[in-house]
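Visitor: Sequence:
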Amino acid sequence: MKSKLSPEILEKYFKGDCNEAEIAEIRAWYASFEPDLDDISALPREEVQLLKQLMWSNISDNIESNNVVDIDRRRSLWRSVIYWVSSSAAILLVLFLVKQQGTRPNTVASHAREPLKEAVSNTAGVIKKITLSDGSTVWLSPKSALTYLQKFTGQKREVTLTGEAFFEVTKDSNRPFSIYSGNVITKVWGTSFRVRSFTADKTTKVNVLTGKVSVAIAVPKETRTDLNNEVMLLPNQEAVYDKNLGQLQKNDKIKDVSIGMWKKANLSFNNTQLRDVFKVLSKSFNVKISSDDERINSDYLKADFTNENLPAIMEILQTTLNVTYSVRNENEFILEGSK
Numbered sequence: 001m002k003s004k005l006s007p008e009i010l011e012k013y014f015k016g017d018c019n020e021a022e023i024a025e026i027r028a029w030y031a032s033f034e035p036d037l038d039d040i041s042a043l044p045r046e047e048v049q050l051l052k053q054l055m056w057s058n059i060s061d062n063i064e065s066n067n068v069v070d071i072d073r074r075r076s077l078w079r080s081v082i083y084w085v086s087s088s089a090a091i092l093l094v095l096f097l098v099k100q101q102g103t104r105p106n107t108v109a110s111h112a113r114e115p116l117k118e119a120v121s122n123t124a125g126v127i128k129k130i131t132l133s134d135g136s137t138v139w140l141s142p143k144s145a146l147t148y149l150q151k152f153t154g155q156k157r158e159v160t161l162t163g164e165a166f167f168e169v170t171k172d173s174n175r176p177f178s179i180y181s182g183n184v185i186t187k188v189w190g191t192s193f194r195v196r197s198f199t200a201d202k203t204t205k206v207n208v209l210t211g212k213v214s215v216a217i218a219v220p221k222e223t224r225t226d227l228n229n230e231v232m233l234l235p236n237q238e239a240v241y242d243k244n245l246g247q248l249q250k251n252d253k254i255k256d257v258s259i260g261m262w263k264k265a266n267l268s269f270n271n272t273q274l275r276d277v278f279k280v281l282s283k284s285f286n287v288k289i290s291s292d293d294e295r296i297n298s299d300y301l302k303a304d305f306t307n308e309n310l311p312a313i314m315e316i317l318q319t320t321l322n323v324t325y326s327v328r329n330e331n332e333f334i335l336e337g338s339k
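1 is the number of the first residue of the sequence shown in my numbering; add one for each residue after it.
What the hints contain is simulated information worked out from the structure, not anything from laboratory work.
For clarity, every value in this text was computed on a predicted model and none was experimentally measured.
Wrong hints could be hidden among the right ones.
As the list claims (entries may be wrong) - Straight-line Cα separation of at most 20 Å, EDC-like style, residue types lysine to aspartate or glutamate; simulated pairs: (1) LYS156 - GLU118; (2) LYS279 - ASP293; (3) LYS279 - ASP299; (4) LYS243 - GLU230; (5) LYS143 - ASP299; (6) LYS264 - ASP299.
Unchecked claim - Restraint ranges, calculated between C-beta atoms of paired labels, are given here: (7) ASP242 - ASN270: 23 to 33 Å; (8) LYS171 - GLU308: 28 to 38 Å; (9) ALA119 - SER326: 38 to 48 Å; (10) LYS279 - GLU336: 16 to 26 Å; (11) LEU267 - ASN236: 16 to 26 Å; (12) TYR300 - ASN174: 41 to 51 Å; (13) THR153 - GLU332: 33 to 43 Å; (14) MET232 - ASP276: 34 to 44 Å; (15) ASN236 - LEU116: 18 to 28 Å; (16) GLU308 - GLY190: 14 to 24 Å; (17) THR203 - ASN266: 31 to 41 Å; (18) LYS243 - ASN266: 22 to 32 Å; (19) GLY125 - ALA303: 21 to 31 Å.
For each residue, glycine too, the CB sits at the ideal point set by N, CA and C.
Using the sequences and the hints, build the whole thing.
Guide: Okay, structure coming up:
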């Protein structure tokens, strides 16, 4: 390994104060690392290059992390980083970790860059609202679970669902949005629809309210029948997958009336007693809303619900009235006072 670089020059480089000659000196120093006979000479040439790349990556990571450090501590941290990267111990430390863990540097780096996943399990009695990184909204029903990337990358957006959820997908013509629910794959570009795929159910259903959705089965082509082919759904159409028969069927009309809670409505109340508000909401969304608490029933509400579905309205009521609700038998909403 060649001579060390002055920490002062590195400090100037990180601050952006180097002239062209000093920058050239730094780049020459970085390119000068060669395997010594007593440390990394046994490594292949490719791995030596990987060690250098990892070291440079670590330098960059340390610089980026300093951006959030208190100003009074920044200069000392700069010094720590600079003295670290200007010593031969940097490469030797990486080499030690590689030998001890049996992991190559490129593998370590690739794991560090893997997108982080979120797994949300709704064990409460309410419908949980989830906003994804692309702006899409997922309304996760009770006893359901959703897995997704914290930030969508590349040319696709993918989530995995167990149970039931209603999706309002942000339009993106370059990146399809795919939902994996058992053997069923639902793919869209921007639309609103519901997927119901509980493990105990005999069927998986996809109901479309707006836009266009494709539904297919994740099975080998040689095992498919005519009913297994991909189907395209338009608004108010549904696809039903029979788990036992392995068949996918398209219906031109949604048969499940509970889809009504996801249709958006415009409703206005002007100092209306809540018992009457519940009656209007129940009729509008084809559900049953009630409360056993007379204090809630006798309260009054003044509100405008414009282009809102029932779960969104229930969230507003929870915040405004300081109440909670639970879902029973899929279409019954029971309100209680907050404890």
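Visitor: Assuming the hint says 38 to 48 Å, is it satisfied by the Cβ distance from ALA119 to SER326 or not?
Guide: violated (23 Å)
Visitor: Does 22 to 32 Å hold as the CB distance between LYS243 and ASN266, or does it fail?
Guide: violated (39 Å)
Visitor: Is it true that the CA of LYS279 sits at most 20 Å from the CA of ASP299?
Guide: At roughly 14 Å apart (the allowed maximum being 20 Å), ASP299 and LYS279 satisfy the hint.
Visitor: With respect to the beta-carbon atoms only, verify the hint that ASN236 and LEU116 lie 18 to 28 Å apart.
Guide: violated (37 Å)
Visitor: Given the hinted pair LYS279 and ASP293, is their Cα-Cα distance within 20 Å?
Guide: holds (15 Å)
Visitor: Against the range 33 to 43 Å, how does the distance between the Cβ atoms of THR153 and GLU332 compare: consistent or not?
Guide: holds (40 Å)
Visitor: Falls inside 41 to 51 Å, the C-beta gap from TYR300 to ASN174?
Guide: holds (49 Å)
Visitor: Checking one constraint from the list: CA of LYS156 to CA of GLU118, max 20 Å. Satisfied?
Guide: holds (17 Å)
Visitor: Holds or violated: LYS264 and ASP299, Cα atoms, limit 20 Å.
Guide: violated (25 Å)
Visitor: Quick check: does the Cβ-Cβ distance between ASP242 and ASN270 fall within 23 to 33 Å?
Guide: At 48 Å between Cβs, range violated.
Visitor: Regarding LYS171 and GLU308, is the given constraint of 28 to 38 Å on their beta-carbon distance met?
Guide: The hinted range 28 to 38 Å is violated for LYS171 and GLU308, with Cβ atoms some 20 Å apart.
Visitor: Straight-line Cα separation of LYS143 and ASP299 no greater than 20 Å?
Guide: violated (31 Å)
The structure fails hints 5, 6, 7, 8, 9, 15 and 18 (numbered hints given earlier, in ascending order).
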